[in-house]
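Novice: Below, each chain spelled out in residue letters.
There are 2 protein chains.
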Amino acid sequence: MAKKNAFYAQSGGVTAVINASACGVIETARASKKIGKVYAGHNGIIGALREELIDTSKESAKNIAALRHTPSGAFGSCRYKLKSIEENRAEYERLIEVFKAHNIGYFFYNGGGDSADTCLKISQLSQTMGYPIQAIHVPKTVDNDLPITDNCPGFGSVAKYVSVSIKEAGLDIASMCESSTKVFIMEVMGRHAGWIAAAGGLAAQEEGDAPHIILFPEIAFNKEKFLKRVKQCVKKYGFCAIVASEGAQYKDGTFLADAGTTDAFGHKQLGGVAPTLANMVKDELGYKYHWALADYLQRAARHIASATDVEQAYAVGQAAVEMAIDGKNAVMPAIVRGKGKKYTWSISEAPLDQVANVEKMMPRNYISKDGFGISEAGRDYLLPLIQGEDFPPFKNGLPQYAKLKKVMVEKKLKKKFKV
Amino acid sequence: MAKKNAFYAQSGGVTAVINASACGVIETARASKKIGKVYAGHNGIIGALREELIDTSKESAKNIAALRHTPSGAFGSCRYKLKSIEENRAEYERLIEVFKAHNIGYFFYNGGGDSADTCLKISQLSQTMGYPIQAIHVPKTVDNDLPITDNCPGFGSVAKYVSVSIKEAGLDIASMCESSTKVFIMEVMGRHAGWIAAAGGLAAQEEGDAPHIILFPEIAFNKEKFLKRVKQCVKKYGFCAIVASEGAQYKDGTFLADAGTTDAFGHKQLGGVAPTLANMVKDELGYKYHWALADYLQRAARHIASATDVEQAYAVGQAAVEMAIDGKNAVMPAIVRGKGKKYTWSISEAPLDQVANVEKMMPRNYISKDGFGISEAGRDYLLPLIQGEDFPPFKNGLPQYAKLKKVMVEKKLKKKFKV
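These protein sequence lines are chains A and B, in that order.
Under the numbering used here, the residue at position 243 of the first sequence is numbered 414, and the numbers go up by one with no gaps.
Under the numbering used here, the residue at position 138 of the second sequence is numbered 309, and the numbers go up by one with no gaps.
Every clue listed holds true.
In this list, chains with the same sequence are indistinguishable; a pair is considered to hold if it fits within one copy or across any two.
Taking lysine-lysine and the DSS-like style, the derived pairs with C-alpha atoms no more than 30 Å apart in a straight line are:
| hint | residue 1 | residue 2 |
| --- | --- | --- |
| 1 | Lys252 | Lys407 |
| 2 | Lys459 | Lys254 |
| 3 | Lys499 | Lys583 |
| 4 | Lys205 | Lys175 |
| 5 | Lys407 | Lys585 |
| 6 | Lys271 | Lys585 |
| 7 | Lys577 | Lys233 |
| 8 | Lys174 | Lys583 |
| 9 | Lys566 | Lys510 |
| 10 | Lys513 | Lys574 |
| 11 | Lys406 | Lys229 |
Hints are computed from structural coordinates only; laboratory data are not their basis.
From a predicted model like this one, the values you see are computed outputs, not experimental measurements.
With these hints in hand, go ahead and build the complete structure from the sequences.
Specialist: This is how it looks when you write it as structure tokens:
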């Protein structure tokens, strides 16, 4: 009997290292000789529904290896959440048709919390719809909010980007504050959890270093306290550097800035905390301000990725394939932090039903008592995740990122499926 | 007779490599044995007026060497423009008092166009007020708008940051555009000239690469044409990535977004082109959008500095001291581009009266015919400036930047001077 092929897809917001996981999956599957071909979904799960499969066997070993240092989703990702089987049985029937047509027995889904839920549903197809498939979730999310795993691949690199950026901008403001900008606000991602904002705190290594204030979604925003602290910092240090999470909110849950639109998962699309804060500072304190909104730059910044993050991203891809070969289903490789003082990590197996739809919040004790910074416990958790540099190769002044051929697998089904 | 001391000051907006120039000045002065001590102005020229001088001889050779890889202004910079001698003679008299008190015979001023004007006024002090001093201007500005010199130290590194960032963000959007964000706008600096925005164009190496549209201050913004082009890009490539200069403006000179405040030089403080464009896209085309505002991150990003820029920044500092030792006054070391196809450069001497108050605009032929990108001539000019990487040393996951001791020179004047 022909070896079963594998389906691999990238899901949700991409990261600087999700392709390193793809690299881990494809290289390990190739080396195993136990898995046929790895077909990647063109634009994630949408590619499976449309029978748009990229034949990764057509890519050179060199190109696949280059995925390790290439940001974004090389096969395309999507924001598309499968409904439950009861709600949309047709989608699952279609997936089975496609999987059957291409002899797919392994399903690797590279994503965050919502994707873990989809992956869990796929893992139940043998039971629910009689199609034998092993589904393994490959963790990825800059939001760092998946449970069980010590951290989520993608996060460490954003953490490094944010801490390096606020460190550099902090030096800039420090050198100009006597006669110019006194308050700088950098808005970062993190809808419901302040992990990314917290990472900014790593830049503050000595008294007076930026950032002086971090605004977390976990700590209710209090305008009066905030402005008082800003004023104190300007008096004491000459300037005030702030990292603000896009999810910063008032006590009643109202976001400081709400763009008013929602994405496919129903999440509110945010943006605008920094200018909101800047206006407060201007109106109430009259300081000259500047602000930055890192947006996609922060999660795409492969040039300043964390080497630890790259290694872990590769390792979860590799482990996912090993678990599949071991006959596992409905699991996710999770990163386990070693016990000693020196940071060590290994990969374990997490049951997917304990991952899906569970959001890991940041422990309160990672935040300083006053709510404006990180605690030592927070620093101890975060610091290992930004360790090491893994610069991509450069050519002619620019990083050289993989350009895949993306050869599509010939379609076998006559029926089209509208997504 | 005791050797004359030197005064060095950083002026205006800082850059990723202005400290490399400081390093060039101090190391060359130390090695020459012909210059006494180098006193750095604490917060630029304000430090001279207040008699707040940092004794750089108290810094270790290692610390001075570390300036080469440290962003921002290590001695503090300022936005403070001296008035003309007729308008404020007291300022010049004060400077002479301070210079005399500290046996200062050399004045090195590290800044852009406005600072070149100040430096020129200082160079005339022997003539106008009978105090012998040699004033040399050390070029620096991310705006790249100084005349004569091929480019301005500081610019190459911003250029590299902007091109790397839009390349990375472009890959991100490309991988998500099927079901999510279709338009991305990155706002960059550049008040009156589109040099920085133009640098984004280097990221587009093949048909379809980001950025698809660049908005320059030099090209009158036409909403209809812009939206038409956005729509075309989304249809053709699936997404549209835009680099917009903060100075983008309508035909009548109105900026797309104007924060309404001005700095000490009377320049309007801008910000908000990206959200303005995003709203247009949303209202007229209905595409999902994201935008980023790099702000200070772009000019502080020493971690992704151009090695060419670092070398040139050091070289102009070094040359400034050599010119001073040669007895020169009222000059500026300028970068001269070699004639051959391969990029080469050397340092020449530019008369300061030809530099001060002259703004170099970007030649129209550096912009593509349709006004939305760079031409081959533009690419030929820009590409050499981002060549090479010069990563700072990292420790514990973060760049290790110099922390100076900043030992202040004992004040000798009784009179205080209010700045």
